[in-house]
Amino acid sequence: MPKEMHRDGGRMKKVITGNHAASYGAKVCRAEIVAAYPITPQTDVVERIAKFVANNEMDAEYIKVESEHSAMAACIGASASGCRAYTATSAQGLALMHEMLHWAANARLPIVMANVNRAMGPPWTVWTDQNDSLSQRDTGWLQFYCENNQEVFDTTIQAYKICEKIGLPGMVILDAFILSHTSEPVEMYEQDKIDKFLPKYNPRYKLDPSETHAFGGLTTPEWYYELRYKIQSAMDEGLSEIESVGEDFGKMFGRKYGLIEKYRCEDIDTLLVMSGSTASTGKEVIDKLKDDGERIGLARMRVFRPFPKQEMRKLAEDVNKIIVVDRNISFGNEGIFFSEIKSALYNEDTDIPVYGFVAGLGGRDITMKDIEGMIKKVEGKPKDIIWWGLK
Amino acid sequence: MIVVSSQELGVRGNTVPSPYLLAPNYLDGGLK
Chain P
3 MPKEMHRDGG
13 RMKKVITGNH
23 AASYGAKVCR
33 AEIVAAYPIT
43 PQTDVVERIA
53 KFVANNEMDA
63 EYIKVESEHS
73 AMAACIGASA
83 SGCRAYTATS
93 AQGLALMHEM
103 LHWAANARLP
113 IVMANVNRAM
123 GPPWTVWTDQ
133 NDSLSQRDTG
143 WLQFYCENNQ
153 EVFDTTIQAY
163 KICEKIGLPG
173 MVILDAFILS
183 HTSEPVEMYE
193 QDKIDKFLPK
203 YNPRYKLDPS
213 ETHAFGGLTT
223 PEWYYELRYK
233 IQSAMDEGLS
243 EIESVGEDFG
253 KMFGRKYGLI
263 EKYRCEDIDT
273 LLVMSGSTAS
283 TGKEVIDKLK
293 DDGERIGLAR
303 MRVFRPFPKQ
313 EMRKLAEDVN
323 KIIVVDRNIS
333 FGNEGIFFSE
343 IKSALYNEDT
353 DIPVYGFVAG
363 LGGRDITMKD
373 IEGMIKKVEG
383 KPKDIIWWGL
393 K
Chain R
393 MIVVSSQELG
403 VRGNTVPSPY
413 LLAPNYLDGG
423 LK
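Line by line, the protein sequences give chains P and R.
Following the numbering used here, the numbering of the first sequence begins with 3 at its first residue and continues without gaps.
Following the numbering used here, the numbering of the second sequence begins with 393 at its first residue and continues without gaps.
Quick caveat, the hints were computed from the structure, so don't treat them as lab data.
Here the structure is a predicted model, which means the values were calculated and not measured.
The reader is advised that the hints may include incorrect statements.
[To be verified] Some chain P residues close to chain R (C-beta under 7 Å, calculated; not the full set): (1) Trp105; (2) Leu363; (3) Asp386; (4) Trp390; (5) Gly391; (6) Leu392; (7) Lys393.
[Claimed, not checked] Across the chosen pairs, the derived CB separations fall in these ranges: (8) P:Lys202 to R:Ser398: 17 to 25 Å; (9) R:Leu401 to P:Gly382: 41 to 49 Å; (10) R:Ser398 to P:Lys66: 20 to 28 Å; (11) P:Glu192 to R:Ile394: 51 to 59 Å; (12) R:Ser398 to P:Glu296: 24 to 32 Å; (13) P:Ala216 to R:Ser398: 56 to 64 Å; (14) P:Asn57 to R:Ile394: 21 to 29 Å; (15) P:Ser246 to R:Met393: 40 to 48 Å; (16) P:Val17 to R:Met393: 19 to 27 Å; (17) P:Lys198 to R:Ser398: 48 to 56 Å.
[As the list claims (entries may be wrong)] A few chain P positions that, by computed beta-carbon distances, are all more than 12 Å from chain R: (18) Gly252; (19) Thr369; (20) Met376; (21) Lys379.
We put the CB at the ideal spot given by N, CA and C, even for glycine.
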């Protein structure tokens with residue numbers, strides 16, 4: 003039995019960090035090209051992949067590049083030629099990729115990357131918040147926010163399947179240190195089963211000297227508009243694809259995934275909305291408050307792009323208030339999940355109050371006490387966003 | 393914008409220093 007492997011009731015588990023869950027995800031998906039540049043706290047995602055490649059455990063080409071911009075450029079070339087491409091980054095590194103993120107999505111290339119959520123500097127910081135990935139929300143990438151290391155591994159596998167079906171790239175997002183450097187048991191699956199779930203990438207069109215096509219040429223106003231519509235349509239298709247792939251994954255591997263995880267949302271009047279690892283703390287709070295007789299449940303936003311508007315509207319039908327906790331801020335406006343949730347509910351036949359909290363920027367802890375305090379704080383008509391625990 | 397201060401939450405607070413006073417190099421020099 004390989005090192006790190008443990009049997010648990012016939013299931014094979016590894017005790018690994020969130021970063022290594024991402025590395026193993028790329029490995030079992032048989033990524034063929036990996037191009038990356040190191041940045042804290044992402045570095046050991048790609049260090050581990052480099053080791054897999056060096057030890058012949060992974061049949062891939064590892065391209066060392068001089069920047070994240072080049073990393074994404076290399077992935078774009080690889081994906082355009084029909085290879086399964088992978089990269090990982092964080093914060094300023096993701097920001098440096100920005101131009102190429104648009105390129106990857108607009109060229110309809112199903113590249114998958116891990117982004118370790120790290121706050122943007124200056125002042126220099128390495129701790130978590132969501133501003134790096136949420137700043138890229140309009141680039142055309144799918145965005146999955148993971149709660150734990152198992153989900154990082156599972157979502158990487160699903161992301162390739164979804165992205166290759168709809169022809170868009172996808173970002174698997176995990177919180178810096180809380181997941182990236184914390185070890186948890188992660189169930190591994192038999193490679194044969196993964197290969198069956200995720201067959202080799204075989205795009206209809208690719209860069210191939212034996213069958214020539216032109217890609218990305220000058221497009222006049224006569225057609226550019228339609229090409230953008232097709233991306234929006236692919237995002238719409240992504241909503242159902244994420245659900246059906248999550249369902250199939252559940253049947254095959256025992257864990258089902260969807261757009262929004264509903265935690266104890268039966269017979270509630272208050273809905274707490276969170277994302278990422280913070281949702282785990284939120285679940286503890288829900289358990290405690292339920293024991294005290296409160297009618298509250300939690301919605302964990304697993305998918306941010308495409309935004310699951312319909313599911314949010316359905317959840318809103320049965321409650322009389324919604325509390326959104328954002329570990330991010332759109333300067334000059336408000337928390338980004340808060341904005342998008344309100345936008346999804348506007349024009350609907352509802353006028354329930356939606357309260358927005360900003361908390362935990364730059365990795366400050368969001369404790370059970372904080373979340374309980376937020377829940378107790380809200381009353382009346384929401385006036386403005388609330389900054390929680392400011393010094 | 394509404395603020396709930398850390399003092400209000402019972403956390404022993406201090407004033408926030410200017411961002412220019414938060415030394416950018418107090419971390420290990422190897423960190424990018």
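Status of each hint after checking the structure:
no., hint, result
1, Trp105, "violated, 23 Å"
2, Leu363, "violated, 12 Å"
3, Asp386, "holds, 5 Å"
4, Trp390, "holds, 5 Å"
5, Gly391, "holds, 5 Å"
6, Leu392, "holds, 5 Å"
7, Lys393, "holds, 5 Å"
8, P:Lys202 to R:Ser398: 17 to 25 Å, "violated, 53 Å"
9, R:Leu401 to P:Gly382: 41 to 49 Å, "violated, 20 Å"
10, R:Ser398 to P:Lys66: 20 to 28 Å, "violated, 44 Å"
11, P:Glu192 to R:Ile394: 51 to 59 Å, "holds, 52 Å"
12, R:Ser398 to P:Glu296: 24 to 32 Å, "holds, 25 Å"
13, P:Ala216 to R:Ser398: 56 to 64 Å, "holds, 59 Å"
14, P:Asn57 to R:Ile394: 21 to 29 Å, "violated, 54 Å"
15, P:Ser246 to R:Met393: 40 to 48 Å, "holds, 41 Å"
16, P:Val17 to R:Met393: 19 to 27 Å, "violated, 43 Å"
17, P:Lys198 to R:Ser398: 48 to 56 Å, "holds, 52 Å"
18, Gly252, "holds, 38 Å"
19, Thr369, "violated, 10 Å"
20, Met376, "violated, 9 Å"
21, Lys379, "violated, 7 Å"
Violation of the numbered hints given earlier is confined to hints 1, 2, 8, 9, 10, 14, 16, 19, 20 and 21; the remaining hints are satisfied by the structure.
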